[in-house]
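Please construct the entire structure, taking both the sequences and the accompanying hints into account.
Protein sequence lines, in the order shown, are assigned to chains V, U and E.
In terms of numbering that gives the first Met the number 0, the first sequence opens at residue 0 and continues consecutively.
In terms of numbering that gives the first Met the number 0, the second sequence opens at residue 0 and continues consecutively.
In terms of numbering that gives the first Met the number 0, the third sequence opens at residue 0 and continues consecutively.
Because the hints were derived from the structure by calculation, they are not lab data.
Misleading hints may appear alongside valid ones.
To be verified - What the simulated footprint calls covered on chain U by chain E, stretch by stretch (three residues with Cβ under 8 Å from a Cβ of chain E suffice, anywhere in the stretch; the number is not a length): (1) 2 to 12; (2) 18 to 28; (3) 137 to 146; (4) 215 to 226.
To be verified - Computed Cβ-Cβ distance ranges for the label pairs, DEER-style: (5) E:Leu-164 with V:Asn-242: 47 to 55 Å; (6) V:Gly-30 with E:Gly-248: 43 to 51 Å; (7) U:Gly-232 with E:Arg-108: 33 to 41 Å; (8) E:Gly-232 with U:Arg-108: 51 to 59 Å; (9) V:Gly-30 with U:Gly-232: 48 to 56 Å; (10) V:Gly-211 with U:Glu-121: 14 to 22 Å; (11) U:Glu-1 with E:Ala-157: 34 to 42 Å.
Glycine included, each C-beta is placed from N, C-alpha and C at the ideal position.
The lines below spell out each chain.
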Amino acid sequence: MERIITLTTDFGLRDPYQGAMKGAILSVNPGVRIVDITHLVRPGDVLEGAFVLLGASRYFPEKTIHVAVVDPGVGGERKPILVETRRFFYIGPDNGLLSPSVREDGIVRAFELTNRDFFRDEVAGTFHGRDIFGPVAASLGLGAEPGEMGQALEKILALDLPRTLPEAGGLRGEVVYIDTFGNLITNIRREEVSALDGAALEVTVRNAALTGIKKTYGMVEKGSPAALIGSTGYLEVAVNCGNAAEALGARVGDSVSVRPLK
Amino acid sequence: MERIITLTTDFGLRDPYQGAMKGAILSVNPGVRIVDITHLVRPGDVLEGAFVLLGASRYFPEKTIHVAVVDPGVGGERKPILVETRRFFYIGPDNGLLSPSVREDGIVRAFELTNRDFFRDEVAGTFHGRDIFGPVAASLGLGAEPGEMGQALEKILALDLPRTLPEAGGLRGEVVYIDTFGNLITNIRREEVSALDGAALEVTVRNAALTGIKKTYGMVEKGSPAALIGSTGYLEVAVNCGNAAEALGARVGDSVSVRPLK
Amino acid sequence: MERIITLTTDFGLRDPYQGAMKGAILSVNPGVRIVDITHLVRPGDVLEGAFVLLGASRYFPEKTIHVAVVDPGVGGERKPILVETRRFFYIGPDNGLLSPSVREDGIVRAFELTNRDFFRDEVAGTFHGRDIFGPVAASLGLGAEPGEMGQALEKILALDLPRTLPEAGGLRGEVVYIDTFGNLITNIRREEVSALDGAALEVTVRNAALTGIKKTYGMVEKGSPAALIGSTGYLEVAVNCGNAAEALGARVGDSVSVRPLK
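Printed below as a string of structure tokens:
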């Protein structure tokens, strides 16, 4: 079966970098299929990259190789790693970028990439995507053994995602991502909302207080805000046919509360 | 032969959405080839999406499966549909998005997608691209019968594209799209312009009056505007080595006239 | 073996153009693999397109077919060409776009594309990417002979890249490209810098004077500028975890000097 490599980076789409990385992958493994998740992570924003990787990588077929490179410390102390999870492989810098995804899927084994046989002949100090991560993924897709690629690692760096807190019979979280549509995506998981059930709920963010958790945008009037469980499994605030971030003046980091209605 | 699925959406390129949709497709059909037409339709702009789909989908090989998702009514009343045309399949919401393309190619059969066997196990109310349209396209690419996927539909929603009007021996249309180069693309078709032939023609938009229909941008001086039949078969106003929208201060919706020169 | 076609254009990602070009390629050669280098070259900026093509195309497998279209003179006097180099094929307009890449790899043969049997049936005066370059690349991928596609050419148009000049025991170049991270990429090659070795070097650009050539961004403090040999082999000025273009107020065309430290 054809193997799939996905790419999640902050390389942008104007520069030669993502193309060079694909060329380096295909030079090792011309038959592999490369799928872009995104190259538009904000430069150096590891948390944003982690969120996008988490929201997309889980939908791919088993054995997919996910390569993620948001790597402000490239060439420095942080380790290049390969993590085998229950269903996937994840490859990238050990800076927390892979951490939410590999924890969700369940870590089986992790390795520091140390075997230079799997790197490009010359490794630039500033472009491990092209010279280490891409070629390693390409070799893995050809059937190379993860154990041959480096030293087993006891643990990888965990990313501190903001946590939710209990508050007044409900809980408080925050906006962690704003998408292209202006939807406010929070760190409050579907399960946490379900645990508050029984009573009807109220969601507050900025000056808006929203009653009930809707199933689709269309359950409120056009132009009105609604709280719902978004497609990635987190509580989200949206405006039907509109842009919630603009309408509410909301930003990443804003506090969001979920409480039983009085 | 390998099947092709194209994607035309307003999901953007930063968020996990288009990647998640590709993962969902490949999980059903790992061998299918996915080609992006665009993910940068203005959020919720069905008319713009319809125009881009029309301008690109016709050039693909027969049996290509075109999936388009610009879907502000997702999860509401609008039906998810599959349309078989003379050469292609089109899949998306029944909100007019597919209408110009399927009419151009010729509708053979249309179905409302109702058979949940072809959906993802869980269908989010806000993401039918990942949970319905993508998986349905993937199954179709594996050889599933359109007739098994839902109920036959008598008709689909037609999109009201702005129409041209006769005017003073010529005709009047409008700017319907402005491209990356700043070219003004109108709703006036090549055939309508040809029907005015004989005399030389004058094209007017904003304060510019352009004499004759040119074959290439280079037939006028650098920096000068020209009217020509663009590559998609519509009358277009461009500036040689420049940006017509900026130079003329033109916008979508501006009136454009074509008249025999006095 | 599956053949690869790469695309480097200024078509943008919103419009139907790159999708139409891919459709035209796949209609001729449904089995070919298409890889985007970029579609975001600044409209009509041949120099920028040449730089991106140079920085990415060299990393692909042998026999890759590189198609590049930044073509403000489309439909005019400039010739459509195919260049066979030592390892690759390059296809595009003869306006200098291909010139740095083909010179680097070594020209074997060049042809003007004149055989209309390899074009789309109708050739629009404004879209040779879809109607000439794409279909020619697709046929080449199927095994067509370059010699059948047109007339041999003695020479192709050379692009005048800005040159470096000797200055005060060192040399002077300029910023030729600013990437997504704000890194300033110059026209000063690794070999030119190496030739100055022995003494420690100082790099100056705008008001900044940087001591030494670093190996990675992390060799200076966060927020500090550093000079290094970038991943494409040119001298580059970056800011560790920051944006050098913003920090230094630098722009394309700015003068950059490399001198032995006094």
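Evaluated hints:
no.: 1; hint: 2 to 12; in the structure: holds (count 4)
no.: 2; hint: 18 to 28; in the structure: violated (count 0)
no.: 3; hint: 137 to 146; in the structure: violated (count 0)
no.: 4; hint: 215 to 226; in the structure: holds (count 3)
no.: 5; hint: E:Leu-164 with V:Asn-242: 47 to 55 Å; in the structure: holds (51 Å)
no.: 6; hint: V:Gly-30 with E:Gly-248: 43 to 51 Å; in the structure: holds (47 Å)
no.: 7; hint: U:Gly-232 with E:Arg-108: 33 to 41 Å; in the structure: holds (36 Å)
no.: 8; hint: E:Gly-232 with U:Arg-108: 51 to 59 Å; in the structure: holds (56 Å)
no.: 9; hint: V:Gly-30 with U:Gly-232: 48 to 56 Å; in the structure: violated (38 Å)
no.: 10; hint: V:Gly-211 with U:Glu-121: 14 to 22 Å; in the structure: holds (21 Å)
no.: 11; hint: U:Glu-1 with E:Ala-157: 34 to 42 Å; in the structure: holds (40 Å)
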